[in-house]
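Novice: Sequence:
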Amino acid sequence: MNKKEKERKKKETNKKERNKKERKRIGQNEETKRKNRKKKMRYKKRNKENQKDKANRAYKNVEQKRSKKLEQKEKTTKRGNKRNEQRKGERMMRKKKEGGTRKRTNKNKKQKDEKNKKKQVEKKTEKNKQLEETKK
Numbered sequence: 002m003n004k005k006e007k008e009r010k011k012k013e014t015n016k017k018e019r020n021k022k023e024r025k026r027i028g029q030n031e032e033t034k035r036k037n038r039k040k041k042m043r044y045k046k047r048n049k050e051n052q053k054d055k056a057n058r059a060y061k062n063v064e065q066k067r068s069k070k071l072e073q074k075e076k077t078t079k080r081g082n083k084r085n086e087q088r089k090g091e092r093m094m095r096k097k098k099e100g101g102t103r104k105r106t107n108k109n110k111k112q113k114d115e116k117n118k119k120k121q122v123e124k125k126t127e128k129n130k131q132l133e134e135t136k137k
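Each residue of the sequence shown is one higher than the one before, starting from 2 at the first, in this note's numbering.
Watch out, some of these pointers could steer you wrong.
Keeping only pairs whose Cα atoms sit at most 20 Å apart, straight-line, the calculated SDA-like set for lysine to any residue is [as the list claims (entries may be wrong)]: (1) Lys46 <-> Ala56; (2) Lys96 <-> Asn85; (3) Lys98 <-> Glu86; (4) Lys66 <-> Arg84; (5) Lys5 <-> Lys21; (6) Lys53 <-> Val63; (7) Lys49 <-> Ala59; (8) Lys11 <-> Ile27; (9) Lys69 <-> Gly81; (10) Lys39 <-> Lys55; (11) Lys53 <-> Arg43; (12) Lys97 <-> Lys113; (13) Lys55 <-> Tyr44; (14) Lys83 <-> Gln73; (15) Lys46 <-> Arg58; (16) Lys39 <-> Ile27; (17) Lys10 <-> Lys21; (18) Lys113 <-> Glu123; (19) Lys45 <-> Asn57; (20) Lys120 <-> Gln131; (21) Lys34 <-> Glu18; (22) Lys118 <-> Lys128; (23) Lys111 <-> Gln121; (24) Lys96 <-> Asn109; (25) Lys89 <-> Thr77; (26) Lys116 <-> Lys128; (27) Lys97 <-> Gly81; (28) Lys69 <-> Arg80.
Distance ranges between label pairs, derived from CB positions [to be verified]: (29) Met94 <-> Lys61: 45 to 53 Å; (30) Lys79 <-> Lys124: 47 to 55 Å; (31) Met93 <-> Lys116: 21 to 29 Å; (32) Lys41 <-> Lys61: 28 to 36 Å; (33) Lys49 <-> Thr14: 48 to 56 Å; (34) Val122 <-> Glu72: 55 to 63 Å; (35) Ser68 <-> Lys118: 53 to 61 Å; (36) Lys41 <-> Val63: 26 to 34 Å; (37) Lys49 <-> Lys79: 39 to 47 Å.
If you're looking for bench data, these hints aren't it; they were derived computationally from the structure. Owing to the predicted nature of the structure, the values given are computational and were not obtained by experimental measurement. For every residue, glycine included, the Cβ atom is placed at its ideal position computed from N, Cα and C.
Put together the whole structure using the sequences plus the hints.
Specialist: Have a look at this one:
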């Protein structure tokens, strides 16, 4: 009887220990699952933040490039304007040296065209008169 009781107790303790170990293992699994879930969430958050940062950085870079381009354009236009003004000044000086020839405006062009037409009409009438005189 003593032996049987000892064996029974041993079996029970073994069973208890096995159950304990099993529960512990299951608990550990759940804990690791929980930890992994937390890690995932942490990484997700970090990734989202990183993506936002990247997007902001890219936007800032684009803005900087855009502003640089605008500044360069302004500089080049300023340079171009200065050059044009210099050239205008040089042209004016040349014209003054040559005798001050002025550019014709559209108004002057129209007047000159009208004068030319009148001259042509006069020439034609003179030719017609000469032809009539020769015929007579």
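Novice: Hints the structure violates: just list their numbers, smallest first.
Specialist: 4, 5, 8, 10, 12, 21, 27
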